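Undergrad: Sequence:
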Amino acid sequence: MALAMVVLAGLLTFAWGVPVRAAATSVRVGVYENPPLLGVGPGGQPEGIFLDVLQEVARRANWELTYVYGSWTSMFEAVQAGDIDLLPVVAYREDRKPLLDYSDRPLLTNWGQVFARDGAPIDTLTALPGKRVGLLLHDVHAEAFRTLIASFDIAVTEVPFDSYEALFIALQEGRVDAGVVNRIYGDMQGTRFAVQPTPIIFNPIQIRFAVGKGDPHGLLPTLDAEVARLMHSRDSVYYQSLDRWLTASVHQERPVWLLHALLLLVAAVALFFGLTMLLKRQVTRSTAALARQNERLAREVEERRLAEERLQREASCNEAQAAIARAITAYGVTIRAVAENIYDQAMQRTGSRFGFVASINPATGEVLGHALSPMVHEDRCALRQPALVLSRGAKGYPGLWGHALNSRQGFFTNAPQAHPHYQGLPQGHVPLEQFLVMPAVVGTEAVGLIALANPGRDYTAEDLTAVEALADLFAMAVSRIRSVEALSCAKEAAEKASLVKSSFLAVMSHEIRTPLNGVMGMLQLLQTTRLDDEQQEYVEAALRTSGILLRLLSDILDISRIEADKLPMAREVYCLEDVIQPVVELFGHEARRKGLAFTLRQDPSAPAFCWGDAGRVRQMLYNLIANAVKFTHQGGITLEVYATPAPPHPPWATDERVMLHLVVADTGVGIDDAMLDIVFGDFTQAEAVYTRKFGGSGLGLAIVKRLTIMMGGSLCIENGEAGGTMMHLALPVDCVAEEQQPDCHQKAKAVPADPSLLDLSHCRVLVVEDEQVNRLTVTRFLEKLGCTVQAAVNGQEALALLADMHAGTVDAVLMDIQMPEMDGTETTRRIRGGEAGAQHRTVPIIALTAHAMAGDREAFLRVGMDAYLAKPVEMDALETVLRHVLHGKRPAGG
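The numbers in the sequence shown follow the numbering used here, run straight up by one, and end at 899.
Calculated from the structure, these hints are not laboratory results. The reader is advised that the hints may include incorrect statements.
Unchecked claim - The calculated EDC-like cross-link candidates involving lysine to aspartate or glutamate, where the alpha carbons are at most 20 Å apart (straight line), are: (1) Lys218 <-> Glu345; (2) Lys218 <-> Asp109; (3) Lys506 <-> Glu490; (4) Lys789 <-> Glu802; (5) Lys102 <-> Glu82; (6) Lys102 <-> Glu163; (7) Lys218 <-> Glu82; (8) Lys400 <-> Glu450; (9) Lys506 <-> Glu516; (10) Lys789 <-> Glu879; (11) Lys501 <-> Glu490; (12) Lys136 <-> Glu178; (13) Lys136 <-> Glu163; (14) Lys789 <-> Asp764; (15) Lys599 <-> Glu545; (16) Lys102 <-> Glu313; (17) Lys102 <-> Asp88; (18) Lys635 <-> Glu723; (19) Lys789 <-> Asp881; (20) Lys102 <-> Asp220; (21) Lys218 <-> Asp229; (22) Lys635 <-> Asp618; (23) Lys218 <-> Asp88; (24) Lys789 <-> Glu723; (25) Lys635 <-> Asp583; (26) Lys599 <-> Glu516.
To be verified - Here are the simulated distance ranges between beta carbons: (27) Ala230 <-> Tyr427: 53 to 63 Å; (28) Ala423 <-> Gln287: 54 to 64 Å; (29) Glu99 <-> Arg310: 34 to 44 Å; (30) Glu163 <-> Ala327: 20 to 30 Å; (31) Ser488 <-> Glu99: 27 to 37 Å; (32) Ala495 <-> Leu554: 30 to 40 Å; (33) Gly48 <-> Gln245: 15 to 25 Å; (34) Pro226 <-> Ala28: 17 to 27 Å; (35) Pro103 <-> Arg867: 53 to 63 Å; (36) Glu826 <-> Thr649: 55 to 65 Å; (37) Ser719 <-> His594: 28 to 38 Å; (38) Glu516 <-> Met574: 23 to 33 Å; (39) Ala423 <-> Tyr336: 21 to 31 Å; (40) Tyr427 <-> Glu99: 32 to 42 Å.
Keep in mind that this is a model prediction, so the values were computed, not measured. Quick reminder that beta carbons are idealized off the backbone N, C-alpha and C, glycines included.
Using the sequences and the hints, build the whole thing.
TA: Next up, the structure:
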């Protein structure tokens, strides 16, 4: 009986000492080909970095892993549908959060990279348009690639694949021209195929574990805790797996002879115990030497391992900085996007669990958080993502991060509560175990901040250096983005100002020309009455003064249009004689009136016909000769015209090009040498303000200079040896080929009768003008010409008058442009559309307007008008235009 009790007690004791193991948790794990992160080995078993980590977690957590194999697409859909419980190697993205839940820590950061066939000339995005590009279905890098090429308006043909391996096979066989894979896969597996990497690298992402939405099996807490433990220990399976799959391990074995020597020594000691005293000294010496050698070898191995780790970190840092640098220089990048990129890199490099990246509002000094981790402790915290705004106090910024901003110096502390600038935390904020902060500084101005906390280890100077490099990049990015934004705002403001200026000039042109038209019109009508000699002199003086005012207005408009780059340059065939002769006749008469000689010397080398803007060439010649006549009191003016060969001109020009020289010399007062360099400036005259002997605005030479630059020519001025000045204008012109030269007699042959012989006494004209004085002026002009005139004050009244008339009762319409109720262009459209009766659809319409800006004439003719007269209108010009539009048409009243 006693023996039975002893046996029973022993059994109970044994049973009590053996732990009872709980039933294992079954976990279905998705496996797809993405080596070295995940894949199937030669023996058919899953392998890779994520599998090594997961198997270690399963061993410690008593999980029983069941593997489900398939493509990336099928596994991505399976984890969402609940057909598997856990999917390794999933890119962390915000838009996937509604579909999946992720582990807290990324195991790796990966990039997307474009690969091409061996020898293919693909090294930039600009080589991709029209290419066939292989993309993995549901791949984050594929989606990022689409966004990237869309921002550059690049179109490619997408070819979908279920696996990276199938994509590389297709690339090798030439079924696609390029393919997008993750960089780790490409680096490790690309050598198996005839493919090559390109410099196109983009989209840094974090790689994590993922489960179905809501973590239905409660796997993430255990997985997060175990992964954090593994990443904290340098001897863990995690770092062993990285070393196994990504780097060449350094193995150093002890010399074999050492083992043999030790065995011999042990044998010698056993066999020759009697000689121990003699051999002990020798063994001790040998052992010490071997120990020193082993220590030296161990140190070398450790130093090599540390050096390799340092090189890997530096390479990773360089790659990350290059990626960030490319990101911050991308078009349209925002401070928030750069901050998120900086945040990801800072968290990954230091292993920090918490942190934020912020910029500083330059106007208010507020710290604006752009990227931050949740810092909630026990589900409550005064700082909530994403609206983090920290203010500056009267004495600067508060707390640890504030000390960094105030001093413009970064630092770290592994005992935050003991730091002299520690001021506590908001209620519910996570406790600070370690803290690192670095300001982003441009010059002496802090523009941003990177703050990190709780890496689960002590921060080091190496961490501070790495974050400082990121802060420098962030500072450059913030400075660049704000500069671009400032330039954009300035550009928009300048464009708005230019539009306002153009609108102002158009309105002022109309508002000044309209009353000036009335003044000059009344003066012209007054000239047609009986005047004595004194009255005639006054009227002529008033007309000359009005003409000067009109030329001044035109000069100001030309200068403004040149400054706004809105002065058009025509390219048409013109006769050089038709340009020169009217100016010579005009100023020849003026010179003779002053008792001056006027001489024209035209060399046969000057071309007869040229391509260009005849009006602008005439304007330049007019201003140069007008200047010479104005400043010359005795002697004379000489105009010399000749041509020389031009420098080589653009290859698309087919005409012969020459330099046309127009040289105006005078014997006038000359120009002081000190004024020669500034005489072409706006509103500049070579005389004192209060002692001016000569009139003028000082715009003539400025306009000539700017037109010369626009035409690609040159203009210089010099004083003559015997007094006076010489203006030398040289313009590149294309000569007109002989077969393209117009026939001077062609127009005369085409016109059977002279329009000047047309009898206007039976013509009926409708005048549409809202301004009373201008309406009276034009009406009296027409009546002086013998016309019968009807008047309307706006477009609606004009349509009503025309609609009530019988067919053929109006021969022409003089139409003002800017009128109340209905303007001239709209009225013209309606007349051409038949609203005034079918008989008036083709009635000649002459635009009569104060609009004189660039493009006005073309705009009026485009809506259906037949001719154009700018105010102020001269009676002779009105008669000429009226005769031309009525030429060949029988007057309605005749």
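Undergrad: None of the hints should be skipped; say for each whether it holds.
TA: Results of checking the hints against the structure:
1. Simply put, Lys218 and Glu345 have alpha-carbon atoms about 24 Å apart, too far for the 20 Å limit, and the pair is violated.
2. Between Lys218 and Asp109 the alpha-carbon distance is near 14 Å, which keeps this suggested pair within the 20 Å criterion.
3. Among the hinted pairs, Lys506 with Glu490 is inconsistent with the structure: their alpha-carbon atoms are about 24 Å apart, more than 20 Å.
4. With a CA separation close to 25 Å, the supplied pair Lys789 and Glu802 exceeds the 20 Å bound.
5. With a C-alpha separation of about 14 Å, the suggested pairing of Lys102 with Glu82 holds against the 20 Å cut-off.
6. At roughly 26 Å between alpha-carbon atoms, Lys102 and Glu163 are farther apart than 20 Å, so this suggested pair is violated.
7. A hinted pair counts as satisfied when its Cα atoms are at most 20 Å apart, and Lys218 with Glu82 qualifies at roughly 12 Å.
8. A distance of roughly 17 Å separates the Cα atoms of Lys400 and Glu450; the hinted pair therefore holds under the 20 Å criterion.
9. A hinted pair counts as satisfied when its Cα atoms are at most 20 Å apart, and Lys506 with Glu516 qualifies at roughly 15 Å.
10. For the suggested pair Lys789 and Glu879, the alpha carbons sit about 13 Å apart, so the restraint of at most 20 Å is met.
11. Distance restraint check for Lys501 and Glu490: the Cα-Cα separation of roughly 16 Å lies within the 20 Å cut-off, and the hinted pair is therefore satisfied.
12. Only pairs whose Cα atoms come within 20 Å are accepted, and Lys136 paired with Glu178 is accepted, the gap being roughly 15 Å.
13. Between Lys136 and Glu163 the alpha-carbon distance is near 9 Å, which keeps this suggested pair within the 20 Å criterion.
14. At roughly 13 Å between alpha-carbon atoms, Lys789 and Asp764 fall within 20 Å of each other, so this suggested pair holds.
15. Note on Lys599 and Glu545: the hinted pairing holds, with a Cα-Cα distance of about 18 Å set against a maximum of 20 Å.
16. Taking the CA atoms of Lys102 and Glu313, the gap is about 37 Å. The hint is violated against a cut of 20 Å.
17. Between Lys102 and Asp88 the alpha-carbon distance is near 18 Å, which keeps this suggested pair within the 20 Å criterion.
18. Note on Lys635 and Glu723: the hinted pairing holds, with a Cα-Cα distance of about 17 Å set against a maximum of 20 Å.
19. Distance restraint check for Lys789 and Asp881: the Cα-Cα separation of roughly 11 Å lies within the 20 Å cut-off, and the hinted pair is therefore satisfied.
20. With a C-alpha separation of about 12 Å, the suggested pairing of Lys102 with Asp220 holds against the 20 Å cut-off.
21. Pair hint Lys218 plus Asp229 holds up; C-alpha atoms about 16 Å apart against a cutoff of 20 Å.
22. At roughly 26 Å between alpha-carbon atoms, Lys635 and Asp618 are farther apart than 20 Å, so this suggested pair is violated.
23. Simply put, Lys218 and Asp88 have alpha-carbon atoms about 13 Å apart, close enough for the 20 Å limit, and the pair holds.
24. Our distance criterion of 20 Å between C-alpha atoms is broken by Lys789 and Glu723, whose separation comes to about 50 Å.
25. Taking the CA atoms of Lys635 and Asp583, the gap is about 24 Å. The hint is violated against a cut of 20 Å.
26. The suggested pairing of Lys599 with Glu516 is violated, with an alpha-carbon distance near 36 Å, which exceeds 20 Å.
27. Distance hint check: the CB atoms of Ala230 and Tyr427 are about 29 Å apart, inconsistent with the given range 53 to 63 Å.
28. A hinted range of 54 to 64 Å holds for the C-beta pair Ala423 and Gln287, which are about 57 Å apart.
29. Range check, Glu99 to Arg310: Cβ separation about 38 Å, and the 34 to 44 Å hint holds.
30. Distance hint check: the CB atoms of Glu163 and Ala327 are about 27 Å apart, consistent with the given range 20 to 30 Å.
31. Checked against the given bound of 27 to 37 Å, the beta carbons of Ser488 and Glu99, roughly 29 Å apart, stay inside it.
32. About 36 Å separates the C-beta atoms of Ala495 and Leu554, a value consistent with the hinted range of 30 to 40 Å.
33. Gly48 and Gln245 have their C-beta atoms about 20 Å apart, which keeps the hinted 15 to 25 Å range intact.
34. For the pair Pro226 and Ala28, the beta carbons lie near 19 Å from each other, so the given range of 17 to 27 Å is met.
35. Taking the beta carbon of each, Pro103 and Arg867 are about 56 Å apart, inside 53 to 63 Å as hinted.
36. Under the hint 55 to 65 Å, the C-beta atoms of Glu826 and Thr649, about 59 Å apart, fit the expected range.
37. Between Ser719 and His594 the C-beta distance comes to about 30 Å, which sits within the given range of 28 to 38 Å.
38. At roughly 28 Å, the beta-carbon separation of Glu516 and Met574 lies within the given 23 to 33 Å, and the hint holds.
39. Distance hint check for Ala423 and Tyr336: the Cβ-Cβ separation is about 47 Å, which falls outside the suggested range of 21 to 31 Å.
40. For Tyr427 and Glu99, the Cβ-Cβ distance of about 33 Å falls inside the hinted range of 32 to 42 Å, so the restraint holds.
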